[in-house]
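Asks: Under UniProt numbering, the first residue of the sequence shown carries the number 1, and numbering increases by one thereafter.
Honestly, the hints are just simulated from the structure, not real lab data. Heads up, some of the hints might be wrong.
[To be verified] Ranges of calculated distance between the beta carbons of each label pair, as one might list FRET restraints:
{"hint": "1", "residue 1": "N433", "residue 2": "P242", "range": "48 to 56 Å"}
{"hint": "2", "residue 1": "K465", "residue 2": "P242", "range": "45 to 53 Å"}
{"hint": "3", "residue 1": "E156", "residue 2": "G461", "range": "50 to 58 Å"}
{"hint": "4", "residue 1": "K465", "residue 2": "Q300", "range": "25 to 33 Å"}
{"hint": "5", "residue 1": "R219", "residue 2": "R423", "range": "17 to 25 Å"}
{"hint": "6", "residue 1": "K352", "residue 2": "K465", "range": "31 to 39 Å"}
{"hint": "7", "residue 1": "N316", "residue 2": "P451", "range": "32 to 40 Å"}
{"hint": "8", "residue 1": "K465", "residue 2": "P224", "range": "48 to 56 Å"}
{"hint": "9", "residue 1": "T302", "residue 2": "E355", "range": "37 to 45 Å"}
{"hint": "10", "residue 1": "Y399", "residue 2": "F345", "range": "37 to 45 Å"}
[What the hints assert, rightly or not] Only pairs whose alpha carbons sit at most 25 Å apart, straight line, appear in this in silico SDA-like list of lysine to any residue:
{"hint": "11", "residue 1": "K303", "residue 2": "Q380"}
{"hint": "12", "residue 1": "K294", "residue 2": "R338"}
{"hint": "13", "residue 1": "K146", "residue 2": "P379"}
{"hint": "14", "residue 1": "K465", "residue 2": "W133"}
{"hint": "15", "residue 1": "K366", "residue 2": "K294"}
{"hint": "16", "residue 1": "K190", "residue 2": "G236"}
{"hint": "17", "residue 1": "K185", "residue 2": "P196"}
{"hint": "18", "residue 1": "K146", "residue 2": "Q380"}
{"hint": "19", "residue 1": "K420", "residue 2": "V376"}
This structure is a prediction, so every number in the text was calculated from the model and none was measured. Idealized CB from N, CA, C, for every residue including glycine.
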Amino acid sequence: MAMMQLYTIRLIIFVLKQLNYGMLAMPDGVYSVEPLQETGDEKFGNITKVIKEEKKREAHVEINNDNIWMILLGHSRHRPHLVHYFRSQSFYAFDHNNGTTDMQLANEDGYADMQWEDIHDRKTRSRRSANSWDHYVEVLVVADSKMHEYHGYNLEAYILTLFSTVASIYRHQSLRASINVIVVKIIILKHENAGPHVSSNAQDTLQQFCRWQQLYNDRNDDSPNHHDVAILLTRGDICRAPGKCDTLGLAELGTMCDGQKSCAIIEDNGLSAAFTIAHELGHIFNIPHDDERKCSQFMQLTKHNFHIMAPTLEYNTHPWSWSACSSGMLERFLDNNRGQIQCLFDQPVQRKYYEDMFENDAPGKKYDVNQQCKFVFGPQSELCPYMPTCRRLWCATYYGSQMGCRTQHMPWADGTTCDKSGRMICHRGECVNIGAKQRMKQDGNWGEWQPWGQCSRTCGGGVQKALRDCDSPRQE
1 MAMMQLYTIR LIIFVLKQLN YGMLAMPDGV YSVEPLQETG DEKFGNITKV
51 IKEEKKREAH VEINNDNIWM ILLGHSRHRP HLVHYFRSQS FYAFDHNNGT
101 TDMQLANEDG YADMQWEDIH DRKTRSRRSA NSWDHYVEVL VVADSKMHEY
151 HGYNLEAYIL TLFSTVASIY RHQSLRASIN VIVVKIIILK HENAGPHVSS
201 NAQDTLQQFC RWQQLYNDRN DDSPNHHDVA ILLTRGDICR APGKCDTLGL
251 AELGTMCDGQ KSCAIIEDNG LSAAFTIAHE LGHIFNIPHD DERKCSQFMQ
301 LTKHNFHIMA PTLEYNTHPW SWSACSSGML ERFLDNNRGQ IQCLFDQPVQ
351 RKYYEDMFEN DAPGKKYDVN QQCKFVFGPQ SELCPYMPTC RRLWCATYYG
401 SQMGCRTQHM PWADGTTCDK SGRMICHRGE CVNIGAKQRM KQDGNWGEWQ
451 PWGQCSRTCG GGVQKALRDC DSPRQE
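Just need the whole structure built from these sequences, with the hints factored in.
Replies: Here you go:
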């Protein structure tokens, strides 16, 4: 109840056919209220659900906190209510060319209009497309004191679980580039003053961290203390502006291999933080959001085409794969900036974490669904019993004898058991039966060559390219 009393709440309740309909306007968003169908569970009876919506309007009828608590949790004469809440996962990329976030650059058409610089240096360009080279991203991971306080001795294993998911996303066939993400060093800051100043100010924290990580980076690519990218993980809120703390990650665009700026900050919100890491790393590769105008040359700008680089990770997003825009823009960046990205062509010297990243069990086998809820909503949280499996992780929190369910619209972790028999597991948001043969590791082989592309020049000597993928058998 104390948590609810922190808010100044306004409410409109419409009573239709003796059922509660209405809207709750709170500082973190607007909640709509509607009845659930009968569940047959006598414990909760005819439950009403409350689903958070985007901030659209202000309600007009003000009531006190005790009444709103009664309405939400079913005290007094009101029937019990089930509280459904989610926090949107929004991303903001920082453009180092002009020092503003892409959200601030939105024009009247609603799309960001950022500056791009194509570097054409024919003296250093190879006849082979950079997209066909193997690229190795050596990552330094720094966990702040809040991460250490929350995860304790399990922190290193948790970090490697996140990055195993990140690595698998970058190996997905939809990206059409060979990107290998490998953790080479982990620094755990056990005390608040042991590392960079981490605050709720996202841009300031990013700048502080980028300066700090340089102290731990040997610029010699052959050194075991060298990294290409630095990632800061924190359990604290990061905010793009005072009171606007929906940001989960921040990075500078197109800074790959820049020793001063190739870094990102990530807010840990459970195993789905892996999607945030992959997303922000995409910005470091100069990949824009899937809804930006420049993506229209590759695909239609509809939510059905939103993948890991969607501006907001929500129900319709496909966070395991890449859009045609992401793949095309990455190819352009790798081809046009060959001199800048030289750090990606050497294999890592430090392979301390390789086995833990690539040889261990799936995340859902390490952490069951109740533990996944605890990572997101705290130690008292567990799986909500009323929702479908795999697609969205709904978690229950108890307030005395009452229960509320919340989601952040992220899926259950791959490998999570999703049926009572134990033979079904979650795989990319679906509950599937994985046979013994499918669970075995299998090396990939080269597929068929694709047709030759157009010549790079209309007159004189030029380059044609044909591609083939390591997709035999195709990744499922």
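Asks: Sort out whether V376 lies within 25 Å of K420, counting only the CA atoms.
Replies: holds, 24 Å
Asks: Could you grab the alpha-carbon distance between K146 and Q380 and see if it respects the 25 Å cut-off?
Replies: Given pair K146, Q380 holds - Cα atoms ~19 Å apart, limit 25 Å.
Asks: Given the proposed pairing of K146 with P379, does the C-alpha separation stay at or below 25 Å?
Replies: Holds, at about 15 Å.
Asks: Is the hinted range of 17 to 25 Å satisfied by the C-beta distance from R219 to R423?
Replies: violated, 51 Å
Asks: With the threshold set at 25 Å, check whether the alpha-carbon distance from K303 to Q380 stays at or below it.
Replies: violated, 34 Å
Asks: Within 50 to 58 Å: is that where the Cβ-Cβ distance between E156 and G461 falls?
Replies: Taking Cβ atoms as reference, E156 and G461 lie about 52 Å apart, which means the hint holds.
Asks: Do the beta carbons of N433 and P242 sit within 48 to 56 Å of each other?
Replies: holds, 49 Å
Asks: Is it true that the CA of K294 sits at most 25 Å from the CA of R338?
Replies: Roughly 22 Å separates the two Cα atoms, so the pair holds.
Asks: Assess, step by step, whether the Cα of K185 is no farther than 25 Å from the Cα of P196, and give holds or violated.
Replies: Holds, at about 17 Å.
Asks: Are the Cα atoms of K465 and W133 separated by 25 Å or less?
Replies: This hinted pair holds, its Cα atoms lying about 13 Å apart.
Asks: Is the hinted range of 37 to 45 Å satisfied by the C-beta distance from Y399 to F345?
Replies: violated, 55 Å
Asks: For the pair N316 and P451, does the Cβ-Cβ distance stay inside 32 to 40 Å?
Replies: holds, 33 Å
Violation of the numbered hints given earlier is confined to hints 5, 8, 10, 11, 15; the remaining hints are satisfied by the structure.
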